[in-house]
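Asker: Given chain A, put chain B in place with the hints provided.
Each chain is listed here by its residues.
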Amino acid sequence: MGLFTGFGWQRALPTLALLTVLAGCGGGQLRGGVFEPPQPAPAVVLTDQRGQVFDLSAQTGKVVLLYFGYTYCPDVCPTSLADISTARRELGADAARVQVAFVTVDPQRDTPQVMTRYLGAFDKAYLGLSGTTLELQRVLDAYQVKAVRRDTEGSASYTVDHTAFIYVIDPQGRLRELLPFGTRADDIVNDVRLLLRK
Amino acid sequence: MTPELARPARRRGLWILAAIMLAALGLGAARVGAVWQFELTHPTEHEIIIIVPKGTAILQANGKDSLMIPRTLWLTVGDMDTLVIRNEDDFTLRVGPFRLGPNQQYRQRFRSPGVFKLVCSTMYHEDETVITVLASKDPAGTWLSNLFR
Chain A
0 MGLFTGFGWQ RALPTLALLT VLAGCGGGQL RGGVFEPPQP APAVVLTDQR
50 GQVFDLSAQT GKVVLLYFGY TYCPDVCPTS LADISTARRE LGADAARVQV
100 AFVTVDPQRD TPQVMTRYLG AFDKAYLGLS GTTLELQRVL DAYQVKAVRR
150 DTEGSASYTV DHTAFIYVID PQGRLRELLP FGTRADDIVN DVRLLLRK
Chain B
0 MTPELARPAR RRGLWILAAI MLAALGLGAA RVGAVWQFEL THPTEHEIII
50 IVPKGTAILQ ANGKDSLMIP RTLWLTVGDM DTLVIRNEDD FTLRVGPFRL
100 GPNQQYRQRF RSPGVFKLVC STMYHEDETV ITVLASKDPA GTWLSNLFR
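Residue numbers (numbering that gives the first Met the number 0), protein chains in the order written: chain A, 0 to 197; chain B, 0 to 148.
Excised from the complex, chain A in its bound form:
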């Protein structure tokens, strides 16, 4: 009969099951710049590229990755969006509970058509947000985002220097952390999974 004879080991199974779950837990930490304790994320009410209102407070139940950039950005924005895309692929089914929202810091050039084309190249589920000057400035101020236009000498073109963090908002609508530019996809996956689990 062996080790478990007379032990009533069937009754021990629930305990074993609990210990198994606990063994798999723990050791998970967010890998970005974390706010402790977390506070409600500042409001974001803007218009997406389809003309629909995006209200951050209506995104509860999802992790929102908020990113401020512009479609003419030569390097930082496409790199960050590509990293997020890689992370979403690795998340698999969990990606359905992640909303990526790209807030433009260049509303003059980032029309709905331009943002549809640009963001669609990364992931058709990405939302491109814009609004009036006042609406955008309100959101930029709330998130402490700097966006400074730099005209190109001898040309009508310009670039926009901007804050390049990914703002991570948890399913409860709280701003949990900032992920700096260059954060690896597996770190994004780790943090999103942790927040979805909580």
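No wet-lab data here; the hints were simulated from the structure. Even for Gly, the Cβ is constructed at its ideal location relative to N, Cα and C. Each hint should be verified, as a subset may be incorrect.
[Stated by the list, open to error] Here are the simulated distance ranges between beta carbons:
#1 A/Pro36 to B/Ile57: 18 to 26 Å
#2 B/Ala29 to A/Gly91: 22 to 30 Å
#3 A/Thr78 to B/Ala33: 47 to 55 Å
#4 A/Leu195 to B/Leu16: 22 to 30 Å
[Said to hold, decoys possible] Straight-line Cα separation of at most 30 Å, DSBU-like style, residue types lysine-lysine; simulated pairs:
#5 B/Lys63 to A/Lys145
#6 A/Lys123 to A/Lys61
#7 A/Lys123 to A/Lys145
#8 B/Lys53 to B/Lys63
#9 A/Lys145 to A/Lys61
#10 A/Lys123 to B/Lys53
Answerer: The following block gives chain B in isolation, referenced to the frame of chain A:
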């Protein structure tokens, strides 16, 4: 299937389930042990804590630069330094790209070397603090820290 034939099959299934659970427990214990061992052999991990004390905002409003934040902060990736900025004031603090509410703190470990700049509202002249993150001087330490992430 008669009950006499079902009983050994059920028992076998329960054995397998218990074996899986014990294996998972063992793996979990091994991981905890490895992390514990890593922490024991890397006692250099430490925090750099910047505290904004109570009353800073009022002093600042009166034109007094009360808070001394180093112009340059040096951290090392391999030693897993953690930067902590803690707001103990009664007012919201603006630091670089974020706001800290009263009694809120911001904690960040740097996982790759680089230079980061913070502009802080607590300094009257809103000067920059440069955070320089150095790659580890100890390649083994960096390798171990990557292994246990």
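Asker: Now tell me, hint by hint, if it's right for this structure.
Answerer: To see whether the hints hold, each was checked on the structure:
no.: 1; hint: A/Pro36 to B/Ile57: 18 to 26 Å; verdict: holds (24 Å)
no.: 2; hint: B/Ala29 to A/Gly91: 22 to 30 Å; verdict: holds (26 Å)
no.: 3; hint: A/Thr78 to B/Ala33: 47 to 55 Å; verdict: violated (33 Å)
no.: 4; hint: A/Leu195 to B/Leu16: 22 to 30 Å; verdict: holds (27 Å)
no.: 5; hint: B/Lys63 to A/Lys145; verdict: holds (26 Å)
no.: 6; hint: A/Lys123 to A/Lys61; verdict: holds (17 Å)
no.: 7; hint: A/Lys123 to A/Lys145; verdict: holds (27 Å)
no.: 8; hint: B/Lys53 to B/Lys63; verdict: holds (14 Å)
no.: 9; hint: A/Lys145 to A/Lys61; verdict: holds (26 Å)
no.: 10; hint: A/Lys123 to B/Lys53; verdict: violated (47 Å)
Of the numbered hints given earlier, the model fails hints 3, 10; all others are met.
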